[in-house]
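Could you build all of it, start to finish, from the sequences and the hints given here?
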Amino acid sequence: MGLLDSLAADFPPTSNPTLGAWRDRAFDAARERGLPTPREEDWKYTDLNAAAARAYKPAAAIAGADSPLSALRAYRLVFVNGHFDAANSDLASMPAGISVRLLGELARTDPERAIAALNAFAKPDAKFFATLNTATARDGAYIDIADDCVLDLPLLLIFSTQSANEPRWSAPHVRINAGARSRVAVIELHHGATTVPSFVNALTEASTASGAVFAHYRVTLESPAATHIGLLRLNVGRDSAVTSYSLALSGALVRIDIDCSLTAPGGSVALNGVFIAGSNQHVDHHTKTDHRASHTTSSETYKGIADGNGRGVFNGKIIVQPGTQKIEATQASNNLLLSADAEIDTKPELEIYADDLRCAHGATVGQLDDETLFYLQTRGVPADVGRALLTFGFVQELVAEIPIPELTALVAQQLAADHPALARLLTGDHR
Amino acid sequence: MAAASSEVHELLNRKYDAGFYTDIEQDQAPPGLNEDIVRLISSKKNEPAWMLEWRLRAFERWLKMPEPKWSHVHYPEIDFQALSYYSAPKSNKDGPKSLDEVDPKLLEAYKKLGIPLEEQKMLAGVAVDAVFDSVSVHTSFKDKLAAKGVIFCSFSEAVREHPELVRKYLGSVVPQADNYYAALNSAVFSDGSFVYIPKNTRCPMELSTYFRINAMNTGQFERTLVIADVGSYVSYLEGCTAPQRDENQLHAAVVELIALDDAQIKYSTVQNWYPGDEEGRGGIYNFVTKRGDCRGRNSKISWTQVETGSAITWKYPSCVLKGENSVGEFYSVAVTHHRQQADTGTKMIHLGRNTRSTIISKGISAGRGQNAYRGLVRIAKSAENARNYTQCDSLLMGNQCGAHTFPYIEVRNNTAKVEHEASTSKISEDQLFYLRSRGIKDEDAVNLVVNGFCKEVFKELPMEFAVEAQKLLSLTLEGAVG
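Chains as they are written, first to last, in our numbering: chain A, 50 to 480; chain B, 533 to 1014.
I should point out that these hints are in silico values taken from the structure, not numbers from a laboratory.
Accuracy of the hints is not assured; some may be wrong.
[As the list claims (entries may be wrong)] Label-pair ranges, simulated between beta-carbon atoms:
#: 1; chain 1: B; residue 1: ASN732; chain 2: A; residue 2: GLU450; range: 57 to 63 Å
#: 2; chain 1: B; residue 1: GLU988; chain 2: A; residue 2: ILE147; range: 53 to 59 Å
#: 3; chain 1: B; residue 1: TYR921; chain 2: A; residue 2: ASP201; range: 45 to 51 Å
#: 4; chain 1: A; residue 1: ASP174; chain 2: B; residue 2: LYS913; range: 33 to 39 Å
#: 5; chain 1: A; residue 1: GLU450; chain 2: B; residue 2: GLY971; range: 57 to 63 Å
#: 6; chain 1: A; residue 1: PRO371; chain 2: B; residue 2: ASN732; range: 27 to 33 Å
#: 7; chain 1: A; residue 1: ARG82; chain 2: B; residue 2: HIS606; range: 52 to 58 Å
This one's a predicted model, so the numbers in the text were calculated from it and none came from an experiment.
All C-beta atoms in this analysis are idealised placements derived from N, C-alpha and C, irrespective of residue type, glycine included.
What follows is the structure in structure tokens.
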């Protein structure tokens, strides 16, 4: 039994008939659209067949357990197996200016509002996994940030998949509205602690009002057997500055789509990402920056490492719509191939329908520089330490700009797992 | 009973005949495409049976293929049954042996296009194999080439005279069912050029072919096959012009290049088919499959193209780098003005060790032109130490044009180094202002800037082509700025 059949068979009926009908319609739409295949341009390098051949069951709520970033000072919202975990969350003690509603609760108390919040599939260009998320999301958070709200600590959303004895499906849905002139950082951590092949189909939508400064950090730290499909939709308002980091550090099959629309003048966005595709990992990033208004700027840097038999995919598209002028857009995709069996596929795209602009992109695929390694050796740095240093340096350039040291540390830890020499360096044990 | 059966027999035969030879004296085949047309084309050219079989196989495959829709161009659906697939200029059956024997009307047409054969003959020793519509009417310098053992003739002649070479190499780079238009071409190709350079021979002159579409409603399907044997060198020039007309024309050529050990092929194209009028009416659909196979060690294939014409250009001259140390190059200038659309680029498939490739692509969009670069660089697992450098720049002139870049980079070997960079910007107001302040006219200023932008590609062109290319460019961009 495949993915869609198992989901259709096992999802418990929704108590409210209106909401239930709505979900059924979304499910039918997903079924009609069909699972994406590598014959589609967007899925050319990523084959879902193996992951979708399994039967998944909706994950049950269980008590929370440890997750990374436990020491980080933040306002926390924790979801375990797609269900809200009140005990580990700070829902009751959210600071002024932040209002959080939970999808699970809305579905019980106010189905109309739940439908309004879930309306992803109603959009004509909805992607398959946006529609499927709409159909299967059972919990999630709708966060409103008031005008002029400046948060002292980041908002931390943890989505954790805990051990279960059969393949589990979870589909969290998050929506964030950042008010005018607000300043907020949101961390979205997807974390898995199970050896069972789970499937996460996450959807996050964020939009910023005029003058808002919004940072979004998406960390994918799934278990080695997990399939993770993450969608992030960003809508950048007037004079608003948005930063997005995607740190895709583990998971068997990780696919992250980041769609960003610049809809009003003065908006700017920086899309950055680091991915590590180690052995038996496939990491695919698709980003789209859509300049829909004049006087908007975008910059993008993605750094990828493929090791073992891992495969990294990057597809970045910049679109400048007709009639929009004074655009600046840059994009870079830099990739490191560390082993003979690894593969990198990268495709930086420009689609430009205006003329008063400056757009550039670049892509590189290479390996560590032999001469630099040799130089380090002549200075007494052993080859393995040299390689670890250079590999770390490759991503550190980008990661160091993240103002939250705990996130930087996560990247370092992940790299250290593959490079024992780096682990020794980080613990000061390299002598 | 016996009489009745013979009558039936006769009837059957007659039907068969009618289907088989659709008026053999006619110079243009009736519109439509079916097996009979393929047989007609083959019989018109007195082709051997194996060639006909090859065509029919291709036709069979074509029937089963879907029309590709993935490119970034838009055009009304092509009705393949409304096109005529064969037309021949009126000429004596034996064909002319010198210029005097060529139809003066043909010569007149060439003169209008600015390519007088007589002058071409004198110009820098260029041998011209002119294709007027579908049949070669004139070949020059044959003797000089023959002395070196170089074979340069029309494709139909090659099929008759050098069947062993044609059979060995035809379809070995672009298989019959490679893509929709290659399959169509394989079934109905009209004529084209055939070049064979023997071992350790440097072709004594640049080989050149001029193609031209003349008759109404005739698709033209050239087939070019260039084989450079071990240690040889050849530079091949291809240029196209077409007179103004209203109806869209389909042009689906196939070019196959084969370079064996230590061989080099340089293939240059200046393409200025009729681009349609300012509103995009008319103009040629140019759907071409060009591919070079660096089969031998240390071989090199270099594509240089200047694309200023056609309503729609859709072509990706590619290199398959099989041989160790082989080199592929692609230099391109593509211009779209008014409502022209271009989706062009290259593929560099690295299979052998130490293979290198360079891609330099310059796109210029003006008016409502849409210009897309689509390229693939693939480093296979077997390609140790492969190297690629890609640069594609776009220049925008006018706020309704478009410039797009779709580069695919696939790397499966960790000793590879692949770099890609692309930029898109408007023609610099500062540069134009400076030139104006020096008293240079608007048009000349634009030409100067554009020529500078394209310099890297133009310097790869043979001399006389470079001059023609610059002229074409300024002609194409007339009135684009100001």
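Contradicted hints - numbers only: 5, 6, 7
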